[in-house]
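Engineer: Spelled out, the chains give:
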Amino acid sequence: MTPQNPDSRARLGLRESATFDRTTIAAIQRAADTGIYDIRGWGAKRALPHFDDLLFLGASMSRYPLEGYRERCATDVVLGDRFAKHPLHLDIPVTIAGMSFGALSGPAKEALGRGASEVGTSTTTGDGGMTPEERGQSKTLVYQYLPSRYGMNPDDLRKADAIEIVLGQGAKPGGGGMLLGQKISERVAAMRTLPQGIDQRSACRHPDWTGPDDLTIKINELREITDWEKPIYVKVGASRVYYDVKLAVHAGADVVVVDGMQGGTAATQEVFIEHVGIPTLAAIPQAVQALQELGVHRPAAGGAADRKGVQLIVSGGIRNGADVAKALALGADAVGIGRLQGLALAAAGPEGVVHMLKLLENEVQCVLGNLGLTSYDQLGPEHIYMEPDTVNPPHKLSAFPLLEEGY
Amino acid sequence: MEQIVPATQFDLRDTPLRDVNAALHAPDLTGDFVVRHPAGAHNVAVGLDAPVTVTVDGHVGYYAAGMNQRADVVIHGNAGTGVAENMMSGTVWVKGDASQSAGATAHGGLLVIEGNAAARCGISMKGVDIVVGGSVGHMSAFMAQAGRLVVRGDAGEALGDSIYEARLYVRGDVASLGADCIAKPMDPEHHRELGELLKAAGFDDDDTSAYTRYGSARTLYHFHADNTSAY
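As you go down the protein sequences, you meet chains A and B in turn.
So for the first sequence, our numbering puts the first residue at 52; every next one is plus one.
So for the second sequence, our numbering puts the first residue at 30; every next one is plus one.
Please keep in mind that the hints were generated in silico from the structure rather than gathered at the bench.
A portion of the hints provided could be inaccurate.
Ranges between beta-carbon positions, derived for each pair [said to hold, decoys possible]:
id, chain 1, residue 1, chain 2, residue 2, range
1, A, Cys255, B, Gly182, 25 to 31 Å
2, B, Ala55, A, Gly171, 32 to 38 Å
3, B, Pro80, A, Thr85, 36 to 42 Å
4, A, Tyr294, B, Arg99, 39 to 45 Å
5, B, Arg65, A, Pro158, 48 to 54 Å
6, A, Trp93, B, Ala68, 50 to 56 Å
7, A, Asn371, B, Arg99, 47 to 53 Å
8, B, Ile33, A, Asp206, 31 to 37 Å
9, A, Ala356, B, Ala68, 38 to 44 Å
10, A, Ser68, B, Ala208, 35 to 41 Å
Each computed SDA-like pair below joins lysine to any residue, with the alpha-carbon atoms no more than 20 Å apart [to be verified]:
id, chain 1, residue 1, chain 2, residue 2
11, A, Lys210, B, Ala79
12, A, Lys210, B, Asp57
13, A, Lys190, A, Gln429
14, A, Lys96, A, Met112
15, A, Lys210, B, Thr241
16, A, Lys136, B, Gln98
17, A, Lys409, A, Lys96
18, A, Lys210, B, Pro56
19, A, Lys210, B, Gly224
Backbone N, C-alpha and C fix where the C-beta goes; we use that ideal spot for every residue, glycine too.
Looking at chain B on its own, in the form it has when it is part of the complex (with noise of 0.2 Å):
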């Protein structure tokens, strides 16, 4: 019979952060972990590399889960800015909202956030896919250069402004699109796409012919510049 390992527990009134984290970068690491009362605090499970699990019991502030590898963090609460920022692989899921910057410059694996995401939502996204059970703010996908970015309702002023080869699906409204950023028509292919998104978001449910994508325009893949060999 399978030995159950019960998870380890570390409550943030009583552990410094630096000693959470740090016991979360043990070499050859696996389980499962629980940090509780984390009022707020910074920098929470950043820098993991392992394939644990860890349950954030509350609301966390800047950088949760930043650079993520191979953990799957669930934060039960709202995550302050840059969660899980520059992420490489694994999954973040945020059960509250999220606030500016949330995915911004992630490489790889999913963040879900059931709620809704402030402002920047995606920035510089190389690879990630994050699906946002909300809304997302202004200058959302800005510069996204890789990736999925999936909104199950609407999105604010400038979305995928200066956009690279990300694919971004809105269901609800968009305010107005960035520069170089276009609606495109949805392919069988984009339908798959969504809906396996949706899908692994717990959002089955949705009508993928309910979204519509949008993607770079790819008018401003080279400057309109001279003397550029003129030293």
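Chain A with its partners taken away, still in its complex shape (with noise of 0.2 Å):
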């Protein structure tokens, strides 16, 4: 049948409503003549809660500030010192986040490992394994255990310097990744030992462990492997994050890495990007209450310095220092960053990725140094102010329990 031309669908007399806007009713009709669903990157469009409901409570009469530029203050950070002989040190508490070689061209990942080199952190490889430029560029590389294992090598997995084992991505928690086909060149096939050209699912769940019990047994696997010497990180798309968390740290994570929904992708699924998984600013509280409770959030911080932590880095939707001191605000010890150099590396190369991290970590001293504190382990929530909402008062539901209880 024909589809019917937009001019006599207007002569229907559609109008929109509330329920049934013009682009709901767009895409009902787009689905009718096609029959096909929607697959699409970057990252969930609807307006979430997101850091910009935060504000920095800066020094005055009760707090008195550094002096900007001239008294420094800390923004290093260790991660993996829980189990690992060889923990990771990095300058700032930002750390690229994993993107597939196939989704980023070859030049791109290096581009990106000479930047973050440059800034003195980490670098992420992704699905389709790790490429000799990747892991020439990048000082310190975090090698990505996926699902698919597309290109998993034993001995990329020796030359890493941290392994994350990859659960999920907020973008799509519990769905697997999507590369298609004009992303399959013949080098990316390759290494992923697939057809060169085809439209190609990744697995959604990993081909030989299940749920937490597994999970402790894949992890003592790979320390087996490298000699106990990596640190190891378990990353999950934000949904039951509480919960996720606490399994994660039983299951011996050195670091814990949550990706809330506002986290990009390649190419998923459109009903995943939008309507799976919680957002970056509702997740951190739970993951970090998770980690209270277990006793591993900054226990340093908190007195007990003989006592390991296990590290929460946080990503999704982080896109300028401030975002990155809300994050460590609200209790994470690094972000993750994957648009924001992205976009960076776009619009001025690499020179761009390291001029970009440069003035992340400029901001994130500026905002310590405005709130007087000499570290980044310092920010807490008290730092914060959240407008208060008196039509709808403070709730259990609520984005921010934490913050109300006073963490």
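Two chains, two frames, a set of hints: combine them into the complex.
Structural biologist: Rendered as structure tokens:
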């Protein structure tokens, strides 16, 4: 049947409503015309609670600030000192999150590695394996261990500085990656052992383990293979964050990475991007609560200097130094960025990545100084102001339950 | 006269697994090794990368010989989940049965399971050869990308679901085929290939014409989707 053209539809007299607005109507019509579903990249387009809803309480009478540009404050961070012989020491609390070779080109990966190395932080591989360019240019490289295991090679595992077991991604918790045919070049295909040019679905579930008990054994396998040298991260897409973080810690993770629903993706089903997972801002307090209850959240800052902590890396929608500082204030130890440096790279090449990372560090330092703090782990929820909502008073299902309890 | 060096023995009753694996990771390792009393331990002889032989004298738990490179590992017992997972080269030989996900994602080498293998045998296999003396469970060769899986017995439900370019040979019944997996003709090339695999696994006497070949219909290689470049 020939699809009706837009003019004839207009003659049907469709009037949009709040529920069926013109975008919704257009989507229904497109679905009817084509019978095919949407796959796209980037991230959630809907409005979500985000870091913009938080403000810093700058120093004034009751606190005094540091002299900006004169009194330095520390922004370095140690990741993975719980079990690993060689924890990572990053100069800034900002890491480059995992992105697949395929979604990104070789030169793009190389540029990110150069930029990150220059400012003293880490980059992360992604689906499709580790490229020599990326390893060569990244002083500190985190190797993702993914459900698909494309390009998964024990030699690369040994070359990595840390291993990140990926359970999910904020843009699509529970969903596997997708890489479309036009990106499956000869080299990408060879690295993944796939035919060139096919549309490709990565697995959404690890092939040889399910659940936290298996994960414990899997983490031990990776430790045994790498002689207990490397920190092991566990990355989850934000959904049941409180439980997932607790289970990851019990399974033996050195570092937990929580990726909120604003996180980007190269391609996935639209229905996942917009409707699955919870916002970054809602995820952080849950993760922090889980770590606090297990006694592994910043134990040194809490006075237990002899106890090893589990670090929390948060990602999903980080855009500037203020977002970084707010995430840290809520209890993250570091943040991961994806689209931010992708945009910088696209705008001004490797140089742009270095500029952007240096500005992030500068902004975090400015905020710390403004609050009168000398290191990031002094940042806490007490430095943050949230607009009180007199119409809807705080509720236990709020995105900020811990803030309301004074954390 | 060639000097005969006796095999190095490890007893997991009194040597921690961590020490055993560390010893098997020593640089430029050669020789023969025996691991006694594994008692179902997980992660036995993982991450080897040397031309050595390792004989495991008993049952093992998860991920035995995981990510093996170059070593020849023989397990005189049953193996738990993920035996020889992500193997790159060498051989892993299980004298008993194997649990789930045997040879998962393995890129190369030969995995022989003389008994049966449970569900998901050869899941996401990427070039390994697997020969199973008995039967395999459901979802075996799920998303299998490359390599060969030979099953001398029967296969459970959804064999080869979403398979790519791996080749499957099954002698017995297949409970059901997974999405995009179909039976294919046995050409001389396939008889030859199957014969070599059976021989390598010690099943020289099998008649290759009793086997059926399965592989991808390649109808799922392109999505039926829209907006793929919309950001």
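Engineer: Taking the hints in turn, state whether each one holds.
Structural biologist: Structure-based check of all given hints:
1. Checked against the given bound of 25 to 31 Å, the beta carbons of Cys255(A) and Gly182(B), roughly 30 Å apart, stay inside it.
2. At roughly 34 Å, the beta-carbon separation of Ala55(B) and Gly171(A) lies within the given 32 to 38 Å, and the hint holds.
3. As the Cβ distance of Pro80(B) to Thr85(A) is approximately 56 Å, the hint placing it in 36 to 42 Å is violated.
4. As the Cβ distance of Tyr294(A) to Arg99(B) is approximately 41 Å, the hint placing it in 39 to 45 Å holds.
5. For the pair Arg65(B) and Pro158(A), the supplied restraint of 48 to 54 Å holds, since their beta-carbon distance comes to about 52 Å.
6. As the Cβ distance of Trp93(A) to Ala68(B) is approximately 51 Å, the hint placing it in 50 to 56 Å holds.
7. Between Asn371(A) and Arg99(B) the beta carbon distance is about 49 Å. The supplied range of 47 to 53 Å therefore holds.
8. Restraint check, Ile33(B) to Asp206(A): a C-beta distance of roughly 33 Å satisfies the suggested window 31 to 37 Å.
9. At roughly 39 Å, the beta-carbon separation of Ala356(A) and Ala68(B) lies within the given 38 to 44 Å, and the hint holds.
10. Judged by the Cβ atoms, the range 35 to 41 Å given for Ser68(A) and Ala208(B) holds: they are separated by roughly 40 Å.
11. Only pairs whose Cα atoms come within 20 Å are accepted, and Lys210(A) paired with Ala79(B) is accepted, the gap being roughly 17 Å.
12. Annotation: proposed proximity of Lys210(A) to Asp57(B) holds, straight-line Cα distance about 18 Å (limit 20 Å).
13. Restraint check for Lys190(A) and Gln429(A): the C-alpha separation of about 28 Å exceeds 20 Å, so the hint is violated.
14. Note on Lys96(A) and Met112(A): the hinted pairing is violated, with a Cα-Cα distance of about 41 Å set against a maximum of 20 Å.
15. For a cut-off of 20 Å, the pair hint linking Lys210(A) to Thr241(B) is broken: about 42 Å separates their Cα positions.
16. The straight-line distance between the Cα atoms of Lys136(A) and Gln98(B) is roughly 24 Å, outside the 20 Å bound, and the hint therefore fails.
17. Distance restraint check for Lys409(A) and Lys96(A): the Cα-Cα separation of roughly 28 Å exceeds the 20 Å cut-off, and the hinted pair is therefore not satisfied.
18. At roughly 15 Å between alpha-carbon atoms, Lys210(A) and Pro56(B) fall within 20 Å of each other, so this suggested pair holds.
19. Our distance criterion of 20 Å between C-alpha atoms is broken by Lys210(A) and Gly224(B), whose separation comes to about 38 Å.
The structure does not agree with the numbered hints 3, 13, 14, 15, 16, 17, 19 stated previously, though it agrees with the rest.
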